[in-house]
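Student: Here are the chains, one letter per residue:
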Amino acid sequence: MIKLIFTRVMHRLQLRESWIIFFILGIIMMTFPFLHIFNKPVTLFGFPLMFLYLMIGWAFSIFVIYLFMRAYSSHNNNPDEKKDV
Amino acid sequence: MNTETAHAVTISILYTALIFLIAWYAHRRKEAGRSIVSNPIIYSLSLAVYCTSWTFYGSVGKASTTGIDFLMIYLGPSLAAFSWLFLLRRIIKISKENNITSIADFISLRYGKSLWLGALVTIIAILGIMPYIALQIKAVSHSFYLVSGLQINDITFEGLGSNTKLPIGLILALILSVFSIIFGARRLVSSERHEGLVAAVAFESLIKLLSLVGVGIFVTYGLFDGFTDIFSRFKAFDPAAFDRLFTFDASNHNPEHVPTFTMLFLAMGAIMLLPRQFHVMVIENSDEKHVSTAMWLFPAYLFLINLFVMPIALGGILTTGSNSGADFFVINIPLVTGNRSIAMLAFLGGLSAAAGMVMVESVAISTMLLNHIFMPIIVRCTPRTWFSVLLINLKRVGIFLVIMMGYVYHQIVGDSYMLVNMGLISFSAAAQFLPAMLGGLYWRRGNKAGAIGGILFGSLIWFYTLLLPSFSKSGWLPADLLTDGPFGITLLRPTALFGLSDMDLWSHSLFWSMLFNISTYIICSILLKQTEQEREQVLKFIVVYEKERTSRQTETKRLSKPVTTSQFVTLMTKFIGEAEANRAISQYTGNREINAEGTVSEFDLPNLKRHTEKTLAGSVGAAAAGAIVDSFLSDMGSRMESVYDIYSTVRTSLDQSRESLFVRLKASEIINRTLDLQIIMDDLLNLLLKEFNLDVAIIQLKNDDGTFTVNSYQGANRRPINVNHWYTESKPYFDMVYRDRKPHLLNDIRLASDVVPLELTLSEGCISCAHIPISREGEPAIGILSVFSKSIAGLFTEEFTSLLSSLSGQLAQAITIVQEMRAKDLERDQKELALLDNARVIRDMEIAQQIQLSLLPDSAPEIFGIDLAGRCISAAHVGGDYYDFFRRNEHTVDMLIADVSGHSVGAALIMAEVRTLLRAQVNSAHSASSILNILNGQLYEDLTRAELFITMFYAKYNSASGRLSYSNAGHNHPMIHRAGEVSCIELDTEGLIIGVKTSVVFEERSIELISGDVILFYTDGLTEAFDIEGEMFGNSRVCSHLGEVAHLTAREILDSLYDTVIEFTGSQTLQDDISMVVLKIK
Chain Z
231 MIKLIFTRVM HRLQLRESWI IFFILGIIMM TFPFLHIFNK PVTLFGFPLM FLYLMIGWAF
291 SIFVIYLFMR AYSSHNNNPD EKKDV
Chain F
39 MNTETAHAVT ISILYTALIF LIAWYAHRRK EAGRSIVSNP IIYSLSLAVY CTSWTFYGSV
99 GKASTTGIDF LMIYLGPSLA AFSWLFLLRR IIKISKENNI TSIADFISLR YGKSLWLGAL
159 VTIIAILGIM PYIALQIKAV SHSFYLVSGL QINDITFEGL GSNTKLPIGL ILALILSVFS
219 IIFGARRLVS SERHEGLVAA VAFESLIKLL SLVGVGIFVT YGLFDGFTDI FSRFKAFDPA
279 AFDRLFTFDA SNHNPEHVPT FTMLFLAMGA IMLLPRQFHV MVIENSDEKH VSTAMWLFPA
339 YLFLINLFVM PIALGGILTT GSNSGADFFV INIPLVTGNR SIAMLAFLGG LSAAAGMVMV
399 ESVAISTMLL NHIFMPIIVR CTPRTWFSVL LINLKRVGIF LVIMMGYVYH QIVGDSYMLV
459 NMGLISFSAA AQFLPAMLGG LYWRRGNKAG AIGGILFGSL IWFYTLLLPS FSKSGWLPAD
519 LLTDGPFGIT LLRPTALFGL SDMDLWSHSL FWSMLFNIST YIICSILLKQ TEQEREQVLK
579 FIVVYEKERT SRQTETKRLS KPVTTSQFVT LMTKFIGEAE ANRAISQYTG NREINAEGTV
639 SEFDLPNLKR HTEKTLAGSV GAAAAGAIVD SFLSDMGSRM ESVYDIYSTV RTSLDQSRES
699 LFVRLKASEI INRTLDLQII MDDLLNLLLK EFNLDVAIIQ LKNDDGTFTV NSYQGANRRP
759 INVNHWYTES KPYFDMVYRD RKPHLLNDIR LASDVVPLEL TLSEGCISCA HIPISREGEP
819 AIGILSVFSK SIAGLFTEEF TSLLSSLSGQ LAQAITIVQE MRAKDLERDQ KELALLDNAR
879 VIRDMEIAQQ IQLSLLPDSA PEIFGIDLAG RCISAAHVGG DYYDFFRRNE HTVDMLIADV
939 SGHSVGAALI MAEVRTLLRA QVNSAHSASS ILNILNGQLY EDLTRAELFI TMFYAKYNSA
999 SGRLSYSNAG HNHPMIHRAG EVSCIELDTE GLIIGVKTSV VFEERSIELI SGDVILFYTD
1059 GLTEAFDIEG EMFGNSRVCS HLGEVAHLTA REILDSLYDT VIEFTGSQTL QDDISMVVLK
1119 IK
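Protein sequence lines correspond, in order, to chains Z and F.
To get our numbering, take the position in the first sequence, counting from 1, and add 230.
To get our numbering, take the position in the second sequence, counting from 1, and add 38.
Please keep in mind that the hints were generated in silico from the structure rather than gathered at the bench.
All C-beta atoms, glycine included, are put in the ideal place defined by N, C-alpha and C.
Just to be clear, a hint being listed does not mean it is correct.
Stated by the list, open to error - A short, non-exhaustive set of chain F residues, derived as facing chain Z with CB atoms under 10 angstroms: (1) 259; (2) 260; (3) 275; (4) 276; (5) 285; (6) 286; (7) 333; (8) 334; (9) 335; (10) 509; (11) 511.
Generate the whole structure from the sequences, applying the supplied hints.
Tutor: Put into structure tokens, the structure is as follows:
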């Protein structure tokens, strides 16, 4: 089941549109309305909320790019590219 | 110099030596062909040149003063990485195809190799980068004071004299210059990758990451008890600061405060557009596949290096008590807590960050400086052999100059800005390239005017609103410029342009510069037209990526005067040295066909020119390379001129145009409409004249004797076609075309060789011509199609020639078909004629036969006591059989039967002659033998000449006496059937065939006939008739049949014999004539 979902996600990520959507989503997450949600002087588990939001969001976005690259290189079926990843 | 200083200096020198070793090793490995740099991890690390001492020191400084918004500088590139798969890869692909050397080169190439644009981008880059380099020098020299414990700005060398003082910043600048020159300007070819430099930068990236993370771990887990410990302690220490640092305050009017979005936007642009980023990302990229790894590895690097920035910043405030000097917390915290080795590690990290940036930046900028500022001036001079030496040294001077400018700016602006804010000035400058860059890649209409205008306006605003205030703030310019505006015009205050006050410096500058930049770019691009050169580049930058290359790329330009390969080599030698030039040319010729003389074909010349440009572009940039080659060509008296396409417009499309199809269609209509070759040829030539810019068109066809005949002549200069006609000058070309079966073009007759003078043609006004063989595929040519143009030199492109060839192929097909049809007609006519002749002959023969038959007696004479009948049945039309009767008196009758050999007309004529002679002789000669004798004598000559002879039996019957006297000249023996006798009596005498000897004695005999005797005279056709089995009819059958029918009349006997023979042979037609005469005695 997990494998099936994974394959589907991989397939979706090959679409150029997905890239653009994620790019725009990233920019939206960094604009004020969203930042405003986390723009509060509170701490969560001892971490400031904004610090957590930015760092976790950032790590997540890197992971998404990583997934993209996996999908892209498996789609292209290029041995060199796979080696790179 | 105290011990701490010596310590710091020693470590710095050792570290520099290590970097040097690494760079040298990478360079050696590359020379050996085993690159250590060409892998995605090194590539990602080299991209981290983005993290300079600004990151290393400045992030902490900013984190401790304005808070967490410093992260925007790194979140921007992470977001931008999403676009790399398409954007960056396309940029890399284009750059590699065109040997791009820098971002200025890239932008100027896109907008038609504009020299002005290249220079503008270079100047802005230099101005924009000054604060950035200054920032590095400031950071490193400051950190050096900290670790060395010096409190003054200079190192005093007491041994060298009284007051020899050297500022640390200057020493640093010099060291960095030397380093950059060694690894960045060893050779002129700047499109070549500098692996030593990249290795050094990647290593430094690794060191600064380890160093900052190391300091971070030391502070977070050494001095404090983890993240949450620092956060909670800081919250307890200063709750207000805690809230401020961990939230974005939009209402903050602190001029140092930069809104998050501005930072995000600037960082997103900077990651691609800063000259050094472009350099490591694009120019130093060894394989575009590395981009896909770098897309996540580089953001991960940024993430790691920033992970501990916040704890260090908070820890610094907790340790030192305030955020003053926060820019150097990274070094200060270990120092204050007494950890010198950690502080030294931090110092090395900072040094790495600064050195890497300065090296790459200076190399990138000096390349731009050389290619876009120096080269356009140099190319105006005549190339000399020492140019290559000059160029490389200019590049080295450029590196030095760039670093020194940074140092000077550092001296001027000094400490009036925080590190981060100095860097943002550079970012804003780089952002000015964004519209031209993105527009250039994705918007076809974007043109040179727009790009120059946009960048110029944008950067002017940037200079006025950002760079000028930075000078002013440091006191170098009067401060009232900021407060009152120039000349007291408050509306033009640099920090509140057009009354836009209460905005931070960077957002304000970004807004106005981008507004002017983008709107100028768009408006100029829409209003003004692109030049042809720009359209060519649009094709390379955009169109090829939007659709697959469907057709082979056809050259749209030609050289008006051919240039040889060696001339191009000589040109390149002057700029890049002989070895490089030869290598470039052999690389070019390696995959192309070169003809025997080592020259390239006319159609290949533009490719060679482009290759030369590309090779030179690798060293001096695309714009300069274009200018060099152009000025070289104009010196040669040659130039690039538009290739007129065959429809007399300048080509815009590379596809097979609709017009071309139209002409083909028209031509095939003409060819199929009629079978009249003359009409086809005339119409076809008129079509060519009408559709293309041609003035004369001639079709010549080859005659059987090898000469050419003009079969159609259309167009101007009509005059009688004779040997003095001007077109005959081209005879050598006709022969060559005929022999080679290949088109031959003279795109400019004026430049044609002297071997074949074409003066008359020229004086007729023709300046270009083409001769196309008229031939079907794989067959010898049957003629030549020649076309002349008076208006356009260089009309005959590869495409046009192939169109003409295809038309002449169609024509050849038509001509062949017509010729074949003619041949068939001729054959049929001849056959008809032969048939007609034959029929005439047959008719003649029939007439002859009729005449011949009429020569035979109609009926036998009526003599009392006998019944006489004769009949001749011819097998062929005429024959040589003859019989006759002569009635002498009422009792006497002469009978004869003869056979002239053969069945020819000759035989018939001889027979007629015999008849004439006989009729004359009958009255004079009386005996049978004498008649034969006379005949022989008279006919001998004629018969010998005609190679014929005659057999004849002559008999004379007297009914009164009942005697038959006879004489035989070799004829068949007549048979007598006598009632009651079984066998027949055969009559024979001695005598030769007539016509064998001149004089022959013919014996004459006689026999008495009795009543009931039936005598049959016959020719050999009767006895020699054979049946289907080949058996002869024979004498015995004749004799026995004669016995059976003896009671019948002579006529009936004849008929019955005939019927019997026909029955015997089983066929209606006879093999030979049969003549029979029957004499029945009553």
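Student: Confirm or reject each hint.
Tutor: Here is how each hint holds up against the structure:
no.: 1; hint: 259; verdict: 15 angstroms, violated
no.: 2; hint: 260; verdict: 19 angstroms, violated
no.: 3; hint: 275; verdict: 14 angstroms, violated
no.: 4; hint: 276; verdict: 12 angstroms, violated
no.: 5; hint: 285; verdict: 5 angstroms, holds
no.: 6; hint: 286; verdict: 6 angstroms, holds
no.: 7; hint: 333; verdict: 5 angstroms, holds
no.: 8; hint: 334; verdict: 4 angstroms, holds
no.: 9; hint: 335; verdict: 9 angstroms, holds
no.: 10; hint: 509; verdict: 32 angstroms, violated
no.: 11; hint: 511; verdict: 29 angstroms, violated
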